[in-house]
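Chain by chain, the residues:
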Amino acid sequence: GENVEQHPSTLSVQEGDSAVIKCTYSDSASNYFPWYKQELGKRPQLIIDIRSNVGEKKDQRIAVTLNKTAKHFSLHITETQPEDSAVYFCAARGGSNFGNEKLTFGTGTRLTIIP
Amino acid sequence: GAGVSQSPSNKVTEKGKDVELRCDPISGHTALYWYRQSLGQGLEFLIYFQGNSAPDKSGLPSDRFSAERTGGSVSTLTIQRTQQEDSAVYLCASSLFTTGGQKNTEAFFGQGTRLTVV
Numbered sequence: 001g002e003n004v005e006q007h008p009s010t011l012s013v014q015e016g017d018s019a020v021i022k023c024t025y026s027d028s029a030s031n032y033f034p035w036y037k038q039e040l041g042k043r044p045q046l047i048i049d050i051r052s053n054v055g056e057k058k059d060q061r062i063a064v065t066l067n068k069t070a071k072h073f074s075l076h077i078t079e080t081q082p083e084d085s086a087v088y089f090c091a092a093r094g095g096s097n098f099g100n101e102k103l104t105f106g107t108g109t110r111l112t113i114i115p
Numbered sequence: 001g002a003g004v005s006q007s008p009s010n011k012v013t014e015k016g017k018d019v020e021l022r023c024d025p026i027s028g029h030t031a032l033y034w035y036r037q038s039l040g041q042g043l044e045f046l047i048y049f050q051g052n053s054a055p056d057k058s059g060l061p062s063d064r065f066s067a068e069r070t071g072g073s074v075s076t077l078t079i080q081r082t083q084q085e086d087s088a089v090y091l092c093a094s095s096l097f098t099t100g101g102q103k104n105t106e107a108f109f110g111q112g113t114r115l116t117v118v
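Chains as they are written, first to last, in my numbering: chain A, 1 to 115; chain H, 1 to 118.
There may be inaccurate statements among the hints.
[Said to hold, decoys possible] Chain A stretches covered by chain H per the calculated footprint, using a threshold of three residues with CB under 8 Å from any CB of chain H:
#1 54-66
#2 103-109
[To be verified] Here chain A is said to cover these stretches of chain H; the calculated rule only asks that three of the stretch's residues, wherever they fall, bring their Cβ under 8 Å from a Cβ of chain A:
#3 11-21
#4 32-44
#5 65-77
#6 109-116
Keep in mind the hints are simulated off the structure, nothing from the lab.
No experiment lies behind these values; they were computed from the predicted model shown.
Positions of the beta carbon are idealized from the N, C-alpha and C atoms, including for glycine.
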């Protein structure tokens, strides 16, 4: 089955600097890669996602890049703000064939923005 | 409803008792997922449904855990003879997933059920 690895497990950056979180996946059939943000005591919420037919997607200060050949994808947050402090999870989901809808998550990155 | 709804929000049970956790997905969503999250930990996959079928139940920790989904909608996760190590937040998520993928959506999470076994 799919295996998703995520690094680093913790990350502290100065406010205003950039943060990068990286994930690798094992199943080349995976074609959808979402990123979720979970604030303390809250449910995970999608912040950005990318499908395998594109290499990069950007939404304001957040961007995701995908390298299908190397089977890795990354989350980039620029101009970080204190409210970016949270745990971030990457995930991978399989192809459209029946049985490949499983959503597998990485182990999470605790991001702390230092004012 | 507008989002994924889970009940109860909190459940305290005595060791050895059975518990049932309920998930109401977003109307029309075909895929439903159950995850477990221990304090400060990641999202541990338990089982997922496509319609009423469970193609992958590999994450269920033991035969004390079971889940069902009826009518392609509501799902129930049952834990029999609860143990203290079952204490965690149980999260449900749903998404629309169709063959071909044109209308696939993100997975939306419920608020979770915090289970405490004493």
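Subject >> Those earlier numbered hints the structure runs against, lowest number first >> reply: 1, 3 and 5
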